[in-house]
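Chain by chain, the residues:
There are 2 protein chains.
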Amino acid sequence: MSKTVQFQPTKPRRAVDDIIEQVRVMLDEGTLTPGMKLPSEREFAEQLAVSRNTVREALRMLEVAGLITIKRGATGGAYVVDSNTQAITQSLVDGMTLTKYTLLDIIEARIAIETSAVIKVVENATDDELDELDELVAQSAAIDPQADWEGRLASYFRFHDRLIELSGNPIFPVIARPLHEMANRVSARIGSFAGDVIIQSRHRLMHALHARDAEAAVAELRSYLELLYERWVSRPID
Amino acid sequence: MSKTVQFQPTKPRRAVDDIIEQVRVMLDEGTLTPGMKLPSEREFAEQLAVSRNTVREALRMLEVAGLITIKRGATGGAYVVDSNTQAITQSLVDGMTLTKYTLLDIIEARIAIETSAVIKVVENATDDELDELDELVAQSAAIDPQADWEGRLASYFRFHDRLIELSGNPIFPVIARPLHEMANRVSARIGSFAGDVIIQSRHRLMHALHARDAEAAVAELRSYLELLYERWVSRPID
DNA sequence: TAGGATCCAAAGGTCCAGCCATTGCAGAGG
DNA sequence: CCTCTGCAATGGCTGGACCTTTGGATCCTA
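Protein sequence lines, in the order shown, are assigned to chains A and B. So for the first sequence, the numbering used here puts the first residue at 0; every next one is plus one. So for the second sequence, the numbering used here puts the first residue at 0; every next one is plus one.
Some hints could be false.
[Stated by the list, open to error] Rough simulated footprint, nothing fancy, chain B against chain A, three-plus residues with beta-carbon under 8 Å: (1) 20–31; (2) 108–117.
[What the hints assert, rightly or not] Using 27 Å as the maximum straight-line C-alpha spacing, the simulated DSSO-like pairs for lysine-lysine come out as follows: (3) Lys36/B to Lys70/B; (4) Lys70/B to Lys99/A; (5) Lys99/B to Lys70/A; (6) Lys119/B to Lys99/A; (7) Lys10/B to Lys36/A; (8) Lys119/A to Lys119/B; (9) Lys99/B to Lys36/A.
[Stated by the list, open to error] Now the stretches of chain A that chain B is said to cover, found in silico as 3 or more residues with beta-carbon under 8 Å: (10) 75–84; (11) 95–102.
Worth flagging that the hints you see were computed from the coordinates, not collected in a lab. Idealized CB from N, CA, C, for every residue including glycine.
All chains, please: the whole structure from these sequences, using the hints.
Written as structure tokens, this is what we have:
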């Protein structure tokens, strides 16, 4: 049987593309790990046998991709980061300005990920960890939504982020955090609403988690996110 | 109550950052729309009163962000794109690469996303679209897994990708692709197995979809992914 | 000796001027 | 009318130069 050949769109191979691929491969292999420092621009250029300008372009690309951060000065240089959440978020924001995604799309994705995560939380989280979540809820409730809506909002998302971390699956946060960032930006522009409703939902959710009742927890989380969406659409972005 | 002030990390403002922000603002305002062409590098440099190198760095960043594509030659230049899904996918792949994960983590995430997607497929897909999926299954079955395992594998993922696209939520494919990419990196190394089992599962899944039976479709997809995992763990990465 | 002021080297930020490589298209030639 | 060819526009890349930032080493002083 003939091999299914697959033609690639003709994109001229640039030196820059080669460089960033080398870095990506090294990251995948573990040759480069978070915290490590790439060579200085001048040294890197020499190693790669390209000009410093070309190296700089490659570094800029890696920076935007969220793989490195660049610091100036004596101890400066390009350092491998340990999370590119910001970059993913920025991509999603860009996607929304290109009118590719709607709020409902975001919410649906959150429901998909977070309900799956919460099931694992019920299975795996220790009681201490659940108490930690209780504490986060209390912190949220202690912030006056009128006086400091942004602070309250940030507190909400700290809860969600932590909840998803407790699932034990490291992939879930990678996906969920950018979605939260997106939701956060929207909420920040809409302004405060119905703080009590959210706190009450949190209490019901925590009750279900403590009772290790996955079904109830999923139901509560889902209805919470759907409520959120209702509020958003009824108060569109200015 | 005191406002929780939030200080931003001190990041020196570079010329490059200014340029990409100008472009982002123009995109947001609608001054720049998909398909439009930015000035040539030389002209752009003059307009911005910066060197051509700086412009090039900015263009590279916008390119990685998925906002423009760059074409060489006579009618070349930087064109605003209408979709940055490719960039988001790449970001997520990078994010997962930076994260310590296991195969089970990937499978769990796939179950979360793909079962949610398939529910929407049952609701939204037309019969013609389902027929299209049937066709993809037939294509998979026609490839000899012994002779061309990579081709068969690629065919499997085409099915999954298309299935998820048919959910109608553009976020789902964006999340699913990186997961497939990560799964693919592993499968390609493991080699062929049990082609018949997979095709049979596909048939059962399609049957459920045609019958618009969401519950059965979800169950089939889930058990398929779990089966996949079983096979993987029993044949660990070399 | 502790504390502060100063100097300096390393590293990124920017610019310049030039040359090469690619590519579409207009015009020449059949 | 079609084909070939050369040109000009545009991105790709180089090498060198200079500025700015920044942290640490050094030196001075109380």
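These are the hints, each one checked on the structure:
Three residues within the 8 Å Cβ limit are the bar, and the stretch 20–31 of chain A against chain B gives 3, so the coverage statement holds. Here the stretch 108–117 of chain A counts 7 residues with a CB under 8 Å from a CB of chain B, which clears the bar of 3, and the coverage holds. Only pairs whose Cα atoms come within 27 Å are accepted, and Lys36/B paired with Lys70/B is accepted, the gap being roughly 11 Å. In summary, the hint linking Lys70/B to Lys99/A is supported, as the alpha carbons are separated by about 23 Å, within the 27 Å threshold.
Simply put, Lys99/B and Lys70/A have alpha-carbon atoms about 26 Å apart, close enough for the 27 Å limit, and the pair holds. With a CA separation close to 18 Å, the supplied pair Lys119/B and Lys99/A stays within the 27 Å bound. In summary, the hint linking Lys10/B to Lys36/A is supported, as the alpha carbons are separated by about 18 Å, within the 27 Å threshold. Distance hint between Lys119/A and Lys119/B is fulfilled; the C-alpha atoms sit about 23 Å from each other, no more than 27 Å.
Taking the CA atoms of Lys99/B and Lys36/A, the gap is near 20 Å; set against the 27 Å cutoff, the hint holds. Counting residues of the stretch 75–84 of chain A whose beta carbon lies closer than 8 Å to any beta carbon of chain B gives 5, which meets the minimum of three for the stated coverage. Residue count for the stretch 95–102 of chain A with a Cβ under 8 Å from a Cβ of chain B: 4. That meets the three needed, and the coverage hint holds.
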